[in-house]
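Participant: Top to bottom, those sequences are chains D and S. Going by the working numbering, the first residue of the first sequence is number 169, and it counts up by one from there. Going by the working numbering, the first residue of the second sequence is number 322, and it counts up by one from there.
No wet-lab data here; the hints were simulated from the structure. Values in this document were obtained by computation on a predicted structure and should not be read as measured data. The beta carbon of each residue, even a glycine, is placed where N, CA and C say it ideally should be. Take these hints with a grain of salt, some might be off.
Heads up, simulated PhoX-like pairs for lysine-lysine below, C-alpha to C-alpha not over 25 Å straight-line [claimed, not checked]:
#: 1; chain 1: S; residue 1: K341; chain 2: S; residue 2: K364
#: 2; chain 1: S; residue 1: K419; chain 2: S; residue 2: K370
#: 3; chain 1: S; residue 1: K363; chain 2: S; residue 2: K373
#: 4; chain 1: S; residue 1: K363; chain 2: D; residue 2: K311
#: 5; chain 1: S; residue 1: K324; chain 2: S; residue 2: K363
#: 6; chain 1: D; residue 1: K311; chain 2: S; residue 2: K364
A few chain S residues that don't get close to chain D, going by computed Cβ distances all over 12 Å [to be verified]:
#: 7; residue: D365
#: 8; residue: L366
#: 9; residue: K407
#: 10; residue: D414
#: 11; residue: D420
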Amino acid sequence: MSSSLILLNEINATSGATANITFSDTSFDVYFLQFNDVRCDTDDKDLNFRFTSSGTADDSANYEYAVYELRADSTHVNRGATGQTSLPVNISGQGTGTGEACNGNIFAFNFNNTGEFSHVTMEITMFDFVERIFGWQGGGALKAVGARNGFEFFWESSANFTSGNFKIYGLNKTN
Amino acid sequence: MAKTKEELQAEADAEIEASKPIMQNKDGVVIEFEDSDYETAKKDLGEEKWQKQQFGYIQDRRDSYPAIGDQLDMLWHAIDGNKLDKTSDFYKDLKKVKDDNPKPS
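Throw the hints in and build the complete structure from the sequences for me.
Facilitator: Printed below as a string of structure tokens:
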């Protein structure tokens with residue numbers, strides 16, 4: 169069996185407080201979101217995201233996550249929470265200096281399954297506002313059944329994007 | 322003195338109002354927030370302020386503590402020098418981090 173990535177949508181966020189990327193092709197079991205060079209206009213801001221249903225971000229307090237935060241300057245940390253209104257991409261505060269950007273891969277599961285919770289796995293790297301390197305690996309879920317059709321990323325305190333390329337793919341299976 | 326959740330939410334509401342118009346990128350199209358987006362932004366900011374006030378010290382302390390290896394070395398020297406008390410660098414360094422990043426009262 170071979171597989172391939174089918175590009176469904178791509179956006180470049182150079183302004184705005186939120187970046188919303190959706191897909192309309194619901195034939196895939198698994199979706200893959202890749203984002204790179206995501207930057208903010210304000211120092212020390214966290215990036216978060218929500219799932220969208222029919223294009224609208226679900227901000228219910230039903231998100232849960234469990235991740236391992238890897239860092240070069242200090243001890244690694246297990247992080248997790250329930251009853252959240254979004255999922256975090258980082259928690260140390262991204263900066264605006266040279267190279268202080270965030271990049272990552274997110275796999276999305278059950279987004280077309282109306283009878284199951286929606287899950288994601290995350291693999292993210294970033295430099296924070298004092299140029300400390302972080303790795304962020306783990307998973308999250310929206311603990312509410314329903315179909316989702318994309319993601320909405322947003323900065324802490326409604327800070328604005330200055331750059332960021334977001335691509336969403338369907339993970340195609342061919343036998 | 323810590324603020325109430327309601328006070329922090331009022332601050333958040335005012336900050337979002339003062340920031341209008343806030344724009345969003347929806348599938349590549351940049352448009353202004355809708356009313357529901359503004360309400361979500363206010364709620365988010367109010368919660369951020371609350372979380373930072375109540376629990377921000379945890380992250381701040383974590384970022385400020387010496388590396389575990391350095392702490393163990395200070396502890397070893399304190400024991401080795403018969404100074405395992407409040408005069409040791411181990412105690413004083415960690416106490417300073419706690420004092421610099423107090424729990425909200």
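Participant: Decide, hint by hint, whether the structure agrees.
Facilitator: A quick look at each hint next to the structure:
1. K341(S) to K364(S): Status holds; Cα separation ~15 Å.
2. K419(S) to K370(S): This hinted pair holds, its Cα atoms lying about 21 Å apart.
3. K363(S) to K373(S): 15 Å, holds
4. K363(S) to K311(D): At roughly 23 Å apart (the allowed maximum being 25 Å), K311(D) and K363(S) satisfy the hint.
5. K324(S) to K363(S): Holds, at about 17 Å.
6. K311(D) to K364(S): 20 Å, holds
7. D365: Per Cβ check, D365(S) is inside 12 Å of chain D; nearest 7 Å; violated.
8. L366: Nearest chain D Cβ is 6 Å from L366(S), so the label is violated.
9. K407: 25 Å, holds
10. D414: 15 Å, holds
11. D420: Holds, since 20 Å exceeds 12 Å.
In this structure, the hints that do not hold are numbers 7 and 8, in rising order.
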